[in-house]
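Asker: Take these sequences, add in the hints, and give me the full structure.
Quick note: the sequence shown uses the numbering used here, first residue 20, plus one each step.
Each hint should be verified, as a subset may be incorrect.
Taking lysine-lysine and the DSS-like style, the derived pairs with C-alpha atoms no more than 27 Å apart in a straight line are [claimed, not checked]: (1) 32 <-> 127; (2) 91 <-> 56; (3) 127 <-> 91; (4) 96 <-> 56; (5) 56 <-> 127; (6) 62 <-> 84; (7) 62 <-> 92.
Computed spacing ranges between beta-carbons, pair by pair [to be verified]: (8) 56 <-> 89: 14 to 24 Å; (9) 28 <-> 61: 50 to 60 Å; (10) 124 <-> 70: 20 to 30 Å; (11) 127 <-> 29: 43 to 53 Å; (12) 83 <-> 37: 40 to 50 Å.
Hints in this document: simulated from the structure, not taken from any laboratory.
Predicted model only: the values in this text are computed from it and were never measured.
Ideal Cβ placement from N, Cα and C applies to all residues, glycine included.
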Amino acid sequence: MPEFIKNYRILYKTICLTGLTVICLFSSISLQSFDKKSLFMSKCCSCHNGSGEAKTISPSMNAVKQWKRFFKKNKHKRKYKDISAVVSEAESDAILSYLIEHAADSQKPQAFGLR
Numbered sequence: 020m021p022e023f024i025k026n027y028r029i030l031y032k033t034i035c036l037t038g039l040t041v042i043c044l045f046s047s048i049s050l051q052s053f054d055k056k057s058l059f060m061s062k063c064c065s066c067h068n069g070s071g072e073a074k075t076i077s078p079s080m081n082a083v084k085q086w087k088r089f090f091k092k093n094k095h096k097r098k099y100k101d102i103s104a105v106v107s108e109a110e111s112d113a114i115l116s117y118l119i120e121h122a123a124d125s126q127k128p129q130a131f132g133l134r
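Answerer: Structure below.
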């Protein structure tokens, strides 16, 4: 095989690996985990705080299965109001993850106050 073809192969592999590295880097940035507690406090507790428009909630007020069902069936929209203008899908997923991590039947249940 001529030398210039070997050089092109090396160059091609280098470009492909560099491209894959860049893609992985940006993918991990876009999938960056939110600070779930802060997200819950800012997006949910702005209304659900005892003095807001909605009743106080805490992660431990429901079991894991209940939180999953609430989000899966989009009960907030059905019972109250559509919150998609306030919470993106990724934020909603992060909030659900936080609620599950601290649900009543989890390893680390957490009540309102969230210290």
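Asker: Now tell me if each hint is right for this structure.
Answerer: A quick look at each hint next to the structure:
{"no.": "1", "hint": "32 <-> 127", "verdict": "47 Å, violated"}
{"no.": "2", "hint": "91 <-> 56", "verdict": "20 Å, holds"}
{"no.": "3", "hint": "127 <-> 91", "verdict": "23 Å, holds"}
{"no.": "4", "hint": "96 <-> 56", "verdict": "22 Å, holds"}
{"no.": "5", "hint": "56 <-> 127", "verdict": "13 Å, holds"}
{"no.": "6", "hint": "62 <-> 84", "verdict": "22 Å, holds"}
{"no.": "7", "hint": "62 <-> 92", "verdict": "19 Å, holds"}
{"no.": "8", "hint": "56 <-> 89: 14 to 24 Å", "verdict": "19 Å, holds"}
{"no.": "9", "hint": "28 <-> 61: 50 to 60 Å", "verdict": "52 Å, holds"}
{"no.": "10", "hint": "124 <-> 70: 20 to 30 Å", "verdict": "29 Å, holds"}
{"no.": "11", "hint": "127 <-> 29: 43 to 53 Å", "verdict": "51 Å, holds"}
{"no.": "12", "hint": "83 <-> 37: 40 to 50 Å", "verdict": "42 Å, holds"}
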